[in-house]
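Colleague: The primary structure of each chain is shown beneath.
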Amino acid sequence: MTPLAAYLLVAALLFAIGLAGALTRRNAILVLIGIELMLNAANLNLVAFWRFSPHPEALTGMMFAIFSIAVAAGEAAVGLGLVISIYRHARTTDLDQINRMKG
Amino acid sequence: MGVVFYILAALTIAGGLATVLLRNLVHCALAVTIAFLGLALLFLALDAQFVGFAQIIIYIGAVAILVVFAILLTRSSDQPHGSIFSRTWLMGLIIAAAVFAVLGWAVIRSARALPNESAVPAVTVHDIGAALVGRYVLPLEIVALLLTAATIGAVIVAMHDRETPQ
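Those protein sequences? They're chains A and B, same order as listed.
Under the working numbering, read the first sequence as residues 1175 to 1277, first letter to last.
Under the working numbering, read the second sequence as residues 755 to 920, first letter to last.
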């Protein structure tokens, strides 16, 4: 197995773990953490492809990863703000109990 | 493939699994910090020093702390009663396993065509900075605007209502 394939497999496994966390956990904060894990797995793919690309000095994959990290940080801030706002309204972060769009 | 890669990959995967499976949310936050650390070390192993240190600063320094704040503010740190998994957990698990099966199948089938060992890229932080204010200056400005909007939006969304005092 080439090193790139090994990195891609690790990223795929981490993505699946994050997806399982986002889809199966009841707590809204854990769902956000699962989404963060999926974004990180995508970043690992980008950096691995950059490292083994024929022209790494073009910096394309690395720039993509840097901007992806910045967007993920903004997503985490807004997502956790939403969770705190929902908790203040519904007094719970249990997604099985938050099942109404109407406040 | 060095032994370093296997240690770091095991650390990252173990951190991710512990995040999804642990019961106490504070323990989950600590486990996800370990997963972020393992990813940062994997970036360093891939000779992407800037991304690795940015990962440590942003994820371990900011996002993990933000997650801990959210856990404590929503009083999710108490031991949950009942199951920690939702009613539809079986379907979620099947979907995640199917996604991993498809991704793994694609990687293994195309492993022959993937490039093998290549020379260590000679990229310095100076090059990255020059590229950020040169070729990638427009995305940089857009990200600056996005982060400003996200910060203001997060504060407004999480702010107390004045009409309904808690």
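These are computed hints drawn from the structure, not numbers from a lab.
Treat the numbers as computed from the prediction; the structure is a model and nothing was measured.
Misleading hints may appear alongside valid ones.
[What the hints assert, rightly or not] Simulated restraints, written as ranges between beta carbons of each label pair:
id: 1; chain 1: A; residue 1: T1176; chain 2: B; residue 2: A816; range: 27 to 37 Å
id: 2; chain 1: A; residue 1: R1274; chain 2: B; residue 2: G883; range: 18 to 28 Å
id: 3; chain 1: A; residue 1: V1245; chain 2: B; residue 2: F807; range: 10 to 20 Å
id: 4; chain 1: B; residue 1: G858; chain 2: A; residue 2: P1228; range: 42 to 52 Å
id: 5; chain 1: A; residue 1: T1176; chain 2: B; residue 2: H835; range: 25 to 35 Å
id: 6; chain 1: A; residue 1: D1270; chain 2: B; residue 2: V887; range: 42 to 52 Å
id: 7; chain 1: A; residue 1: V1245; chain 2: B; residue 2: T842; range: 49 to 59 Å
id: 8; chain 1: B; residue 1: W859; chain 2: A; residue 2: R1262; range: 41 to 51 Å
id: 9; chain 1: B; residue 1: V887; chain 2: A; residue 2: V1245; range: 17 to 27 Å
id: 10; chain 1: B; residue 1: T842; chain 2: A; residue 2: R1265; range: 38 to 48 Å
id: 11; chain 1: A; residue 1: I1272; chain 2: B; residue 2: L892; range: 36 to 46 Å
id: 12; chain 1: A; residue 1: R1274; chain 2: B; residue 2: V874; range: 54 to 64 Å
[As the list claims (entries may be wrong)] Selected chain A positions facing chain B (in silico; Cβ < 8 Å):
id: 13; residue: I1191
id: 14; residue: I1209
id: 15; residue: W1224
id: 16; residue: L1254
[Unchecked claim] Covered by chain A, per the in silico footprint, the following chain B stretches (three or more residues, Cβ under 8 Å):
id: 17; stretch: 766-779
id: 18; stretch: 881-892
We treat Cβ as the ideally placed atom computed from N, Cα and C, and that holds for glycine.
Colleague: Quick check on the hint: L1254 of chain A CB to chain B CB, less than 8 Å?
Modeller: Nearest chain B Cβ about 4 Å off; hint holds.
Colleague: 25 to 35 Å was suggested as the range; check whether the CB atoms of T1176 of chain A and H835 of chain B agree with it.
Modeller: 48 Å, violated
Colleague: Could you see if the CB distance from D1270 of chain A to V887 of chain B stays within 42 to 52 Å?
Modeller: Holds, at about 48 Å.
Colleague: Just to be sure I understand the hint, the distance between the Cβ atoms of R1274 of chain A and V874 of chain B should be within 54 to 64 Å; is that true here?
Modeller: Holds, at about 55 Å.
Colleague: Honestly, do R1274 of chain A and G883 of chain B meet the 18 to 28 Å range at C-beta?
Modeller: 49 Å, violated
Colleague: Using C-beta distances, would you say chain A covers the stretch 881-892 of chain B, given that this needs three or more residues below 8 Å?
Modeller: Per the Cβ count (5), the hint holds.
Colleague: Within 36 to 46 Å or not, the Cβ separation of I1272 of chain A and L892 of chain B?
Modeller: Roughly 39 Å apart at Cβ, these two residues keep to the hinted range, so it holds.
Colleague: Confirm or reject the claim that G858 of chain B and P1228 of chain A have a C-beta distance inside 42 to 52 Å.
Modeller: Violated - the Cβ-Cβ distance for G858 of chain B and P1228 of chain A, about 25 Å, lies outside 42 to 52 Å.
Colleague: For the stretch 766-779 of chain B, does the count of residues with a C-beta closer than 8 Å to a C-beta of chain A reach 3?
Modeller: Coverage by chain A holds for the stretch 766-779 of chain B (7 residues, Cβ < 8 Å).
Colleague: T1176 of chain A and A816 of chain B, beta-carbon distance inside 27 to 37 Å?
Modeller: 34 Å, holds
Colleague: Would you say the C-beta atoms of V887 of chain B and V1245 of chain A sit inside 17 to 27 Å of each other?
Modeller: 19 Å, holds
Colleague: Have a go at the I1191 of chain A hint: is there a Cβ in chain B nearer than 8 Å to its own Cβ?
Modeller: At about 4 Å, which falls below the 8 Å cut-off, the nearest Cβ of chain B leaves the hint on I1191 of chain A intact, so it holds.
The structure fails hints 2, 4, 5, 7, 10 and 14 (numbered hints given earlier, in ascending order).
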